[in-house]
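A.B. asks: Sequence order for the protein chains is A and B.
One point on numbering: in the numbering used here, the residue at position 421 of the first sequence is 432, and numbering is uninterrupted.
One point on numbering: in the numbering used here, the residue at position 16 of the second sequence is 22, and numbering is uninterrupted.
Among these hints, one or two may not hold up.
Stated by the list, open to error - Reference listing, derived: stretches of chain A covered by chain B, where coverage requires no fewer than 3 residues with Cβ under 8 Å from a Cβ of chain B: (1) 81–90; (2) 125–134; (3) 138–147; (4) 150–158; (5) 231–242.
As the list claims (entries may be wrong) - The calculated lysine-lysine pairs, modelled on DSSO-like cross-linking and capped at a C-alpha distance of 30 Å, are: (6) B:74 with A:340; (7) A:90 with A:231; (8) A:340 with B:152; (9) A:311 with A:340; (10) A:311 with B:74; (11) A:373 with A:311; (12) A:311 with B:451; (13) B:82 with A:311; (14) B:451 with A:340; (15) B:74 with B:152; (16) B:74 with A:373; (17) B:451 with A:373.
Since the hints were made in silico from the structure, they are not lab data.
Even glycine gets a Cβ: it sits at the ideal position worked out from N, Cα and C.
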Amino acid sequence: MPSPSVATTGYPWPIETARLDNGLRVVVSSDRTAPVVCVNLWYDVGSRHEPAGQTGFAHLFEHLMFEGSVHVAKTEHMKLVQGSGGSLNATTNPDRTNYFETMPSEHLELALWLEADRMGGLVPALTQETLDNQREVVKNERRQRYENVPYGDAWLRLLPLLYPPGHPYHHATIGSMEDLNAADLATFQAFHTLYYAPNNAVLTVVGDTDAETVFGLAQKYFGSLPAKPDIPPAPDGTLAGGLTEPARETVVGAVPAARIYLSHRTHPFGTPGYDAATVLATVLGSGRGSRLYQRLADGKRIAQPDYIGAYGVDLAHAPAPVIVTATVKDGVAVEDLEAGLGEVLDSLVDEPVTEAELDRAKALLTTSWWRGLSTVGGRADTLGRYATQFGDPARAGERLGGWLAVTAADVTQAAAELFTPESRVTLTYLPEQTEETA
Amino acid sequence: MTLIAERPGSGAARPYRFPDIVRRTVAGGRVVAAHLPGQMLASASLLLDAGAAREPAGREGAASVLAKALEEGTTKRDATAYALALEGLGAELSTSVDWDAFRLAVGVPVGVLPAAVELMAEAARTPLLDPAEVSRVRDDEVTALKMDWAQPGPRADAALRADLFDGRYGRPLHGDPASTAAVTADDVAAFHADWFLRPGTLLVAGDLDVLDLDALAAAAFAGTSGDDLPVDEPLDVPVRDARRVLLVDRPGSVQSTLRLGHRAPHRAHPDYVPMSLAATVLGGAFTSRLNHLIREVRGYTYGIRGDFGFSRRFGRFSVSAAVQTAVTAPALADTVGEISRTRATGVTEDELAVARTWRAGQLSVEMQTPGAIAGALATLVLHGLPDDYHATLRERLLGATVEEVSAAARTHLHPDGLTVVVEGDAAVLRDELVAANVGEVVDAKL
Chain A
12 MPSPSVATTG YPWPIETARL DNGLRVVVSS DRTAPVVCVN LWYDVGSRHE PAGQTGFAHL
72 FEHLMFEGSV HVAKTEHMKL VQGSGGSLNA TTNPDRTNYF ETMPSEHLEL ALWLEADRMG
132 GLVPALTQET LDNQREVVKN ERRQRYENVP YGDAWLRLLP LLYPPGHPYH HATIGSMEDL
192 NAADLATFQA FHTLYYAPNN AVLTVVGDTD AETVFGLAQK YFGSLPAKPD IPPAPDGTLA
252 GGLTEPARET VVGAVPAARI YLSHRTHPFG TPGYDAATVL ATVLGSGRGS RLYQRLADGK
312 RIAQPDYIGA YGVDLAHAPA PVIVTATVKD GVAVEDLEAG LGEVLDSLVD EPVTEAELDR
372 AKALLTTSWW RGLSTVGGRA DTLGRYATQF GDPARAGERL GGWLAVTAAD VTQAAAELFT
432 PESRVTLTYL PEQTEETA
Chain B
7 MTLIAERPGS GAARPYRFPD IVRRTVAGGR VVAAHLPGQM LASASLLLDA GAAREPAGRE
67 GAASVLAKAL EEGTTKRDAT AYALALEGLG AELSTSVDWD AFRLAVGVPV GVLPAAVELM
127 AEAARTPLLD PAEVSRVRDD EVTALKMDWA QPGPRADAAL RADLFDGRYG RPLHGDPAST
187 AAVTADDVAA FHADWFLRPG TLLVAGDLDV LDLDALAAAA FAGTSGDDLP VDEPLDVPVR
247 DARRVLLVDR PGSVQSTLRL GHRAPHRAHP DYVPMSLAAT VLGGAFTSRL NHLIREVRGY
307 TYGIRGDFGF SRRFGRFSVS AAVQTAVTAP ALADTVGEIS RTRATGVTED ELAVARTWRA
367 GQLSVEMQTP GAIAGALATL VLHGLPDDYH ATLRERLLGA TVEEVSAAAR THLHPDGLTV
427 VVEGDAAVLR DELVAANVGE VVDAKL
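Hey, can you work out the whole structure from these sequences and the hints?
C.D. replies: Structure representation (C-alpha cells):
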C-alpha cells in the first residue's frame, strides 16, 4: 500500500501492459481498496484532426458514441451503465477523445463489452435521426457554455490569436454553428471508419481487478476487431517558439466588468520546458500567496480577488498556452489593470522567484497531483494519457518529479523566455454600458 | 469483424462496506472520523452550526462575507503570512455555507494534516476581522455576486425561492448584491461571535494509523465553549392552488433558463428514499423521463434534471434546464407533462431497476476520496444518523418497490402547484408564454 513517505514516484501503484495483435494497447493498474473499477479509452483523435469546414465534428461524434451500436439499442448504453451503479462520461479536446465509466467491479465485463461494441460496431447503428438530434444537443451545449455566459467565448477567441490559420489548434473543439449545421451522416460514418480503430486507442483499466483478468477480457471482446492501416496523422503542429508579433482583440459585450486575458505559447505538455511553465504559472497565479493575488488583488487592489489567476492548458502536440486573467475592481481603468499585469509578469524576471515562492508552488502542485490520482477514474485517465501521448503509461510517474526538479533559476529563465511583449496575446472584454447589470 | 453479441452478466459483488467510523468527544467537541488505511491524502472539516439560516433579515450574505474574511489575517499573523503558511503545506482553505451549517475544510497529504488543521482552526476561531478589511472584503463580495448574477441562473433561482418560501428561506442562500452591500463589519463580527465559538464537530477522513485524533481535536476546539444548539421543527409543505409563471428578463438571451419547483418535506421525512428514487426516474438519471424526452428525443437542451433538495427543516422539488429560446413553450409543456405523468401513473419496474441500482452503486463509485468521505460524515452528523447509515441506505434503495416509489410520486409531486420561472428574452417570450397557458404569467420582482 503506497504512502507518501515511501513514494519515490508520482505513480506508486502497479502498472502492467499488453498489446493485442490488432494493436490495441491495454494498461492495467490494480488497486483492491474499493470495490470499483474504471474502464477508460483514449482515442488518438481530437479537434486537431478536423479539416476546414468540419470544425466540431470530433466532439459531435463523441455524442454519437452514446446512441447505440450493433448490439446496443439507442439509449441502452447509458441505461446499462447507470443501471449497474456506474458513472460515465466522455470528453473531446484538441488532442484526443476519451470515454470512461467507473463501475462497481462486478460489472467490469459489461463495460468492456459496451466499449468494444461501439469501437467495432457503431457505423451500422448510426442514423440520420440520431445525428439530427445530437446536432441540436451540441448546438445547445454551445449556447449554454460559450454564447449565453459572460466571457464564455474567451477560449474560442484566444485560440485563433495564439495559433495561425491552418494550425491544428487554430479552431476550438466545440466548432462553429455553420459547420455543425452542415454535418452529414456519411462524414460521420467515414470519421468512425478512419479513426476508431484498436490500433488508434489505449484501453486502461484501474481498480478492483487484476492484469490477467483484464488481458483475457480485452482479447475476448476487442481481439477480433481488425487493425486499420494508414490512419492519417493530424496536421503537423510544430511551431518555433512564441508569436513574433503581439496580437490583440477587444470585445465590447454583455459583461459585468472589464476583464483581460493574456496568453503566451510555451512548450508542449510533457517537456521539461512545460514543467517549468507549469511551476511558473503556479507561482504567478495559483492561490492567495501567488504574485498576481498578492500584488493586484491585495497590494494595489485593482483586480477582483475571486477572478485572478494563471494556468497552463495541457496540450501535447504544439506549444501549449499559459493563460493569465484578471478582472477590474469597480472604478479601476482597464488600462491600469493591463499595466499592472504587465508589471507582475516582468517582475518574474526582475525580482527572481524566492525559495519560499517556489516551495509554495510545489506544495500546491503536489497536493493537486495526488488529488488527481485519488480516484480510479483519475488514475485511468492519467495512464491513458501517458500511454497515448508518450508511448508508456509508466511515464506518468515522472511528472511530479519533473515539477519538483524545477529550480528558481529555471522559473526566472522560463519567464524571460516566454513572457516577452512581442509574443503576447491580449484579449480584453469591455462592458457595453457603464452601468452594471445587477 | 466479430463482435460478441451476448451481453455479459455480472460477476460476484463484494459486500458493501463504508469505512470504519470512530466517534469521540474531546475538549468539549465531537470528532467523527473515517479510517482510510494507506490513503495518501487526508481531509479534515470543521462543521459549525452557523448556516445561512442564522443570518439576520436584510443581511443575507453575512456568513459568506465572513467566509472570505477568515483568511484576511488572524490574531497570530497577517493575511499574507497566513496564505503562505497554508499554501506552503499544499493546502487551500475551502469554506461553504448552506442552510444547515458552515463548513471549513482542508485536504492535504496525510503527513501535513495536523499543521493544516491548526491553521484551519486559527482562521475559524481567531480571525482578526479588522473592520476596514472586512468592509473591503464585503465590497469585493458584492462585486463577485454581481459577476455571478450576470450569468443566467442566479436570478431565476432567486425568483423561484422567493415564490416558494418566506423569511430567510425565501432569500438567496448566499444573499444578493443588495443584501450583501448592507452587511457591516459589526454584523460580521457579531455573526462570528454568536456562532463560531462553540466547538462544533471535527470530521476527519484519512489513515487513522498515522493521525492522532486527540491532537487534531485539541487544535480544532481550542478556545471554544458551549453546547450544541437545538434544531428547530421542520416547516409545513404548502403548495400553490394553481401554476404560476414568473418571467425574468434577460434581453438578447439565446437560451431560456427554466426553473420549475414546489415545496417538499425535509430530510428526515420517512419517505426520503422513495421520494429520491421517484425523482431519479423523473429527472435524475441520464435515462430519466425528462432528459430522455427533452434532450434525447427533442434536442431542446444540453441537459435537464429534476430532484428533491433536502435540508434539516425543509425540502423542495425542482427541475432545471437551459433550452433554446425558440422552443421555450414546448419545452415547458413537455416538462410539466412528464411531471404530471409521473404523479398520475407512477414508475415502472424497468425504470426503477435502473434508479435503485444506480443510486446504490454511487455509494461506492462516488465515495473514493477523503473529501467525499468527509462529506458523507457531515451528512451523518447533520442529520443525526448512525454509523451503519450508508449500508442501511443501500439496502433500502435496493429494496424499494414500484408501489412505494409510485406512492411517493403521487404524494410529493405537485405539477398543478408548480412555480415556473423562465429567465430569457421577455420581449420574444411573453406572448408565447401567455398563449401556452402554463399558468398566469407575471414579471418576477427581483
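A.B. asks: Each hint should be assessed against the structure and marked as holding or not.
C.D. replies: Here is what the structure says about each hint:
Check result for the region 81–90 of chain A against chain B: holds, 5 residues qualifying (beta carbon to beta carbon below 8 Å, three or more required). Only residues whose beta carbon comes within less than 8 Å of a beta carbon in chain B count, and the region 125–134 of chain A has 4; three or more means the coverage holds. Three residues within the 8 Å Cβ limit are the bar, and the region 138–147 of chain A against chain B gives 5, so the coverage statement holds. Coverage of the region 150–158 of chain A by chain B holds [criterion: at least 3 residues with CB-CB distance below 8 Å; count 7].
With 5 residues having a beta carbon nearer than 8 Å to a beta carbon of chain B, the region 231–242 of chain A meets the requirement of three or more and the stated coverage holds. At roughly 17 Å between alpha-carbon atoms, residue 74 of chain B and residue 340 of chain A fall within 30 Å of each other, so this suggested pair holds. Distance hint between residue 90 of chain A and residue 231 of chain A is fulfilled; the C-alpha atoms sit about 23 Å from each other, no more than 30 Å. Taking the CA atoms of residue 340 of chain A and residue 152 of chain B, the gap is near 12 Å; set against the 30 Å cutoff, the hint holds.
Between residue 311 of chain A and residue 340 of chain A the alpha-carbon distance is near 11 Å, which keeps this suggested pair within the 30 Å criterion. Using a Cα cut-off of 30 Å, the hinted pair residue 311 of chain A and residue 74 of chain B holds, with the two alpha carbons roughly 19 Å apart. A C-alpha spacing of about 26 Å is found between residue 373 of chain A and residue 311 of chain A, which places the hinted pair at or below 30 Å, so the restraint holds. A distance of roughly 38 Å separates the Cα atoms of residue 311 of chain A and residue 451 of chain B; the hinted pair therefore is violated under the 30 Å criterion.
Proximity of residue 82 of chain B to residue 311 of chain A is assessed by CA-CA distance (about 24 Å); at most 30 Å being required, the pair is judged to hold. A C-alpha spacing of about 28 Å is found between residue 451 of chain B and residue 340 of chain A, which places the hinted pair at or below 30 Å, so the restraint holds. Restraint check: the Cα-Cα separation between residue 74 of chain B and residue 152 of chain B comes to about 16 Å, which is no more than 30 Å; the hinted pair holds. For the hint pairing residue 74 of chain B with residue 373 of chain A, the CA-to-CA distance comes to about 25 Å; that is within 30 Å, so the pair holds.
Restraint check for residue 451 of chain B and residue 373 of chain A: the C-alpha separation of about 49 Å exceeds 30 Å, so the hint is violated.
The structure fails hints 12, 17 (numbered hints given earlier, in ascending order).
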